[in-house]
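Undergrad: Letter by letter, the chains look like this.
Protein chains: 2
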Amino acid sequence: MSVCACTYNIVLGILVLSGLVLLPVLLPVAATDDNGKSAATTSNGTFSDLEKLSMGNVKSKSPRLWAFLLALYWVSFVTYYLLWKAYKHVSGLRADALMSREVVRPEQFAILVRDIPPVPEGQTRKDQVDSYFKTIHPETFYRSMVVTNNKEVNKIWKELEGYKKKLARAEAIYAKSKTTGKPEGARPTNKIGFLGLIGKKVDSIEYYNAKINEVTPKLEVEQKVTRKEKQQNSALVFFTSRVAAAAAAQSLHAHIVDKWTVTDAPEPRQLIWSNLKIKFFQRQLRQYVVYVLVALTILFYMIPIGFIAALTTLDNLKKLLPFLKSTVNIAAIKTVMEAYLPQLALIIFLALLPKILMCLSKAEGIPSQSHVVRAASGKYFYFIVLNVFIGVTIGGTLFSTFKTIQKKPDSIVSILASSLPLNATFFLTFVALKFFVGYGLQLSRLVPLIIYHLKRKYICKTEAELKEAWFPGDLGYGTRVPGDMLIVTIVLCYSVIAPIIIPFGVVYFGLGWLILRNQALKVHVPAYESYGRMWPHIHTRILASLILYQVTMFGYFGVKKFYYVPFLLPLIILSLTFGYVCSQKFYRFFRDAALEVACRELKEAPNLEQIFRAYIPPSLSSEKIDDEDFQDALSQVSRSGSFV
Amino acid sequence: MSVCACTYNIVLGILVLSGLVLLPVLLPVAATDDNGKSAATTSNGTFSDLEKLSMGNVKSKSPRLWAFLLALYWVSFVTYYLLWKAYKHVSGLRADALMSREVVRPEQFAILVRDIPPVPEGQTRKDQVDSYFKTIHPETFYRSMVVTNNKEVNKIWKELEGYKKKLARAEAIYAKSKTTGKPEGARPTNKIGFLGLIGKKVDSIEYYNAKINEVTPKLEVEQKVTRKEKQQNSALVFFTSRVAAAAAAQSLHAHIVDKWTVTDAPEPRQLIWSNLKIKFFQRQLRQYVVYVLVALTILFYMIPIGFIAALTTLDNLKKLLPFLKSTVNIAAIKTVMEAYLPQLALIIFLALLPKILMCLSKAEGIPSQSHVVRAASGKYFYFIVLNVFIGVTIGGTLFSTFKTIQKKPDSIVSILASSLPLNATFFLTFVALKFFVGYGLQLSRLVPLIIYHLKRKYICKTEAELKEAWFPGDLGYGTRVPGDMLIVTIVLCYSVIAPIIIPFGVVYFGLGWLILRNQALKVHVPAYESYGRMWPHIHTRILASLILYQVTMFGYFGVKKFYYVPFLLPLIILSLTFGYVCSQKFYRFFRDAALEVACRELKEAPNLEQIFRAYIPPSLSSEKIDDEDFQDALSQVSRSGSFV
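First to last, the sequence lines map onto chains A and B.
Going left to right, the first sequence walks through residues 491 to 1134 as my numbering numbers them.
Going left to right, the second sequence walks through residues 491 to 1134 as my numbering numbers them.
Derived by calculation from the structure, the hints in this document are not laboratory data.
Treat the numbers as computed from the prediction; the structure is a model and nothing was measured.
Every clue listed holds true.
The list treats identical chains as one, so a pair stands whether inside a single copy or across any two.
With a Cα cut of at most 25 angstroms, we get these calculated DSS-like pairs of lysine-lysine:
hint: 1; residue 1: LYS749; residue 2: LYS575
hint: 2; residue 1: LYS749; residue 2: LYS769
hint: 3; residue 1: LYS769; residue 2: LYS578
Between the sequences and the hints, there should be enough to build the whole structure, so can you do that?
TA: Structural data, given as C-alpha cells:
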C-alpha cells in the first residue's frame, strides 16, 4: 500500500510545487503575448481561450521563452528532489518491514531452486536436493520441498471444493426451510444435467454427499501419484534462519551457472507452480519471444489508434461525413462531442489489453504472481505512453499535416509548433474524463456494492459465500499503475506548454489519493505484500516521463526557434545520471535481501514446521485440517532424512 | 598458465581444422578463375602471384563464391565447437583448482569490504567493522583487518630495504677481499653524494649500519602512526570457512547499496592498497572518465597510423620522394622495403602504448593487480584491432582511392574489392614479422640472458641479488594476449579471402605454444594465479574476431555482387546467440565462487592466523620475522575483541 500512497504523494508534490511557480508566472507571460493573431493564421477558428494561455501563444524567438526554459528546470529539480526522497523513504520502509521482529514471513526462510540436473541413479529427487544443500549449508539447512506438477490434482481438488460448497449451500437452504410452522423443512433438489437446467431431479444433500464420497478417494490417489511421480526439476529449500536463506539466495551454487539456479522464494500464495519447471535457457527464450510479441502489439495497435484519433476530431468528422453537419453544429452537442468523442473510443480500446499482457508475462516463466503483475504493468506503460501519448500527438498532427505539406513543404515546422498546444486540449479533457469516469464509477465501488447486495439477497446462503461476494479483490496494480503513469506523463509533458493542465493533474491525484487511502485501509485486501518492490518500477517510469518531457521540450523550443535550446542538454544528461545513481544506490536492495536487514533475530524462535507447511498448496494437503503424518507422505523419504 | 596454453591450443585447433578444408578447396577454386586479367586493370603491376590464390581473383557473381561462403560456415562452426569445449574445460579446471583439498589460499577465506560509512562516535573503525560482521555472521566471522594508507610507511620501508641490500653487498665484497694472501681484506668504501659519484668517501659497512640504525626507529614510529591514524574506509574481513566467505562475498550487506559493498578478496600480493579507499560513485566516475580517455586515444592514434600506412607503401614513397627512385628500384632492396617498411613503423609505434593503458586501468580504482591487467589488456585489444587491422585496411585503401574517385566516382566499389586482397599481403608479412622478431628475440630470452650474465659478472655480489637478476618477471599478459588476439583476428578475417595466410598463423601459434610451454614450465614465475579468470576475456575476444570476420565477409561478398549474401545473416545472429549462451552458462562462475566448489573441506584445518598474516603488507610487519604481539598492535584493540 505504502508504495501506491507514496506514488500519489510524490506526484502530488511535484505537481503542487510546479504549479505554485508555473501557474502565476507562465500564464501571464503567455497570455500577454499576441502571437495568436499574427502567426497561427492557418488554424484560426479552432483557437480557443485555452490556447491563449499556452506556450503556443508566445512569439518565436521571443525572450519570454526564457521563462518557460527556467520553468522546465524548476519542474525537473523538484522531481529529482522528491524522487530521491521517496526512494530513500521506501527503501527505509522496506528495510523496517523486512527486519520486523514480530512477523514471521515464510518467504524469508526459503529459497527457490530451479534447473536441478537429472536425478542420479539410485537416488530420489528429494535425496539429491537434500544431500546437495546439506553439504553446502550443513548448519543452516532445514529441509526441502520438491515441486510437483499439480495440474491434475488441482482439477480434482477444485471439483471436490465445488461439491463441498454446494453441499453447504443446500444444507443452509434446508436449515432455513425448517420454520416453526414446518419443522421437517423442504429438502432442496437440483437437476444433474447441463448447468442444472435439464436432467434428472435429485435430492441435493444426498447427491452432493455421494459426489464428495466419490471424488475424495480419487483425490487421495492423485495426491499420492503427484507426490511420487510428478516431481519436477525444481524445489523449495528451507533454512533455519533468515540470514542464511538471504545469503544462499544470492550466492552462485553450481559452477555450471545454468544448473541449481537459486533465487529468493516468493510468498506462498504468489508462487506460480506451473512456471517453476521451465528451464534456464527456455525462460530466456520465452522472455525474448514475449518481448518481440509485445513490441509487435505496440506497433500494430499504433495504426488504428492514430487513425481513430485523427478521424474523430470534430472538424474531420464534418468533412468526412457531411450529413452530420447540421446535428453537430448545435452548440450543446458540439461541446460534448468535441470533448469526449475521440477519448471515448480510446478508453474503450485500452480496456482490452491488460489481460493479454498478463498472460504474456506469465508465459515468460516468472515464478511469482507479483512479478508477473510488475512485468505486465511495465509493458502496459510502454504501450499506453507510446500509443496514447505519442500516437495521438503525432497521429492527430499528421492527418491535417499531409495535405498542407503537399502545398508548401516548408510549413511542417510551424504546423508542429501549433499542433502541440492543440493536443493539450485533447489531453486536458482526457485527464478530466479519467478522473470523472474512472474514480466516479470504479473507485466509489458503486457497482460492486450493488452486485453485493443483489447477491446477498438472492444467491448467498452460507457465511463463506457472503464473504466471497464482498471480497473486493486486489487493487489491480497491473492497470492502475500504468494508467496513473500515463497521466503523470501527460501532465508533466504539458506542464510548461500549457500550465493550466497542472490543476487537473492535482485534482486527479488528490482525489485518487483520498479514495485509495480510504479503500486501502478499509476495503481492499491485498493479495500479496511485496514490501515496496513496485517502487523502483514506478520510480523508473516517472523518470522516463520526465526525460520524455525534457526531450519533447527540447524539440518544441527548437520549433520556437529559441537560440538557447542547448541549455536543455545538461538537464537531459542530469536526468540520465540521476537515474543511474538512484538505481546503483537503491535498486539492488529491492531485488536481494540485505544481510544487515535479515540478520535481526525474531522475538520468538520461528516455527519452522509451520513455515514449511505454508508452501504446501491446498490441493496437496490431505485434509483441510493438516494431518500429522503429512510431511512424510509428501517427501517420500523418512522425516529424519530431511532434518539436520 | 593453463589459460594461455588453452588459448594456443584452441586457436591452433581452429586454424588447423580450417586449413585442412580451406587450403585444398579454395586455392584451386581461386587460382583457376581468370578475373585477374580482365577486371583488375586499374591496379595491374602490383598484382603478384599471391593475389592469384586469393578470393580477389574470382569473378564477380561467379558461382565459385559458393565455395567461399561454405568455407566461412565451416570456419565458424569449428570455432563455436572448440570455444565451447574450451570454456567447459577451463571452467572445470578452475573448479578443480578452487576446490583443492590440499592448498590453502588466503583469498578464499577473506572478503574485501569497501565504502564503510563514517565511524560512529566513541567507536574505533575496527570496532565498527567487527561488530557489524559479527552480528551478521555470528558463527563464521573470524576477524578483520582495516586498510590503512601505507604511502609514507612504504617509502621509509623501501629506503630501509635499500640500505640493507647495500650493506649485504658491502659485506659480501669485504668477505671476498679476505683472500688467503690478505686476510684482513679491504673494507669497501663509497661516496655519499649524488649517485655515489661525488661527496665524502666513507666506509660502506659502517655507513649503512648507521643508516639502518637511523631509519629503523623512524619506520617503527611511522608504522604505529599508520595503524592508528591512517585507517581508511575499507577493510578485509576473514571467515573461518571458505563457503562462508564465498557466500558473504556475493551477498548484499547494507540496504543502502553503496555502503558496505563487499567483493571477493584478491590474492594478497595482488591487492592494490592505494585503490581500496576510493568510494563507490567515484570508482564509477573514474571508470567512465578512463573509458572516454581510452576512446579518445584510440580515435586520435587512428589518424597518424592511417597516415603512416598510406605513406609507406613503396609506390607512394616513390611518388612523394622521387629522389629515392633509383635506390628503391634495386630488386633486393625493393623486396625488403616492400615487405617490412610499413610494418616496422607500426610495431615501434605500438610499443609505446601498454604502459599508459595499465596506468589508466589502475586509475579506475580496481582493487586487484590481475584485474588491472585484464582491463588494460581489453583496452589494448580494442586499440590494436581498431587501429592496426581496420585502420590499415581502410587507411591504405583511402589514400589511393581518393584520387581515383575524383576521376570516376562509381569505381569505389571495385577498388574496395581489389584492395582487401591487397592488404592480405601486408598482413601476411605482418604475421611473419611478428613471429620472427617477436618470438626470435623476446621469447628466446636471449636479451635477458645476456643481461643476466653481465650482471652476474660485474654487479651481483650476494645470493639475493643473483636471484633477483635472474627473476624473469611475469609473462606480460597485458600485451601478449591482445597481440595474439590481433593475429587471431587477422588470420581469421583473411582465412577465406586469402587462405594462404592460414599456414602462417599455424606456425605463429605452434611456435608460440612450444616456447610458452617451455618457458611457463621452466623459466617464468607467475606473479599471481587467477585460476582461469583470463579465459572469459579471451573467449569474448576470439568471438569478437569471429563476428568481425563474418561482418567483413558479408561486406566483401556484397562487393563481389554475390546474390546469396543474406545467407550470412543467420551466421552472424548465431555468433551473437552463441556468445550470449556461453556468458550465461559459464561466466558468473569466473566472477563469483560457486558454493558447491567452496564447500569442499580442506584436508587439514587451515591456520587462520597464517591466512590473516598473509595480507599484512611487508612494510607494516614489524620485523622480517613476524613478531608475536603483532596482531594486537595492528588492530589497536585487544585480541579477544576480534575473536568469536
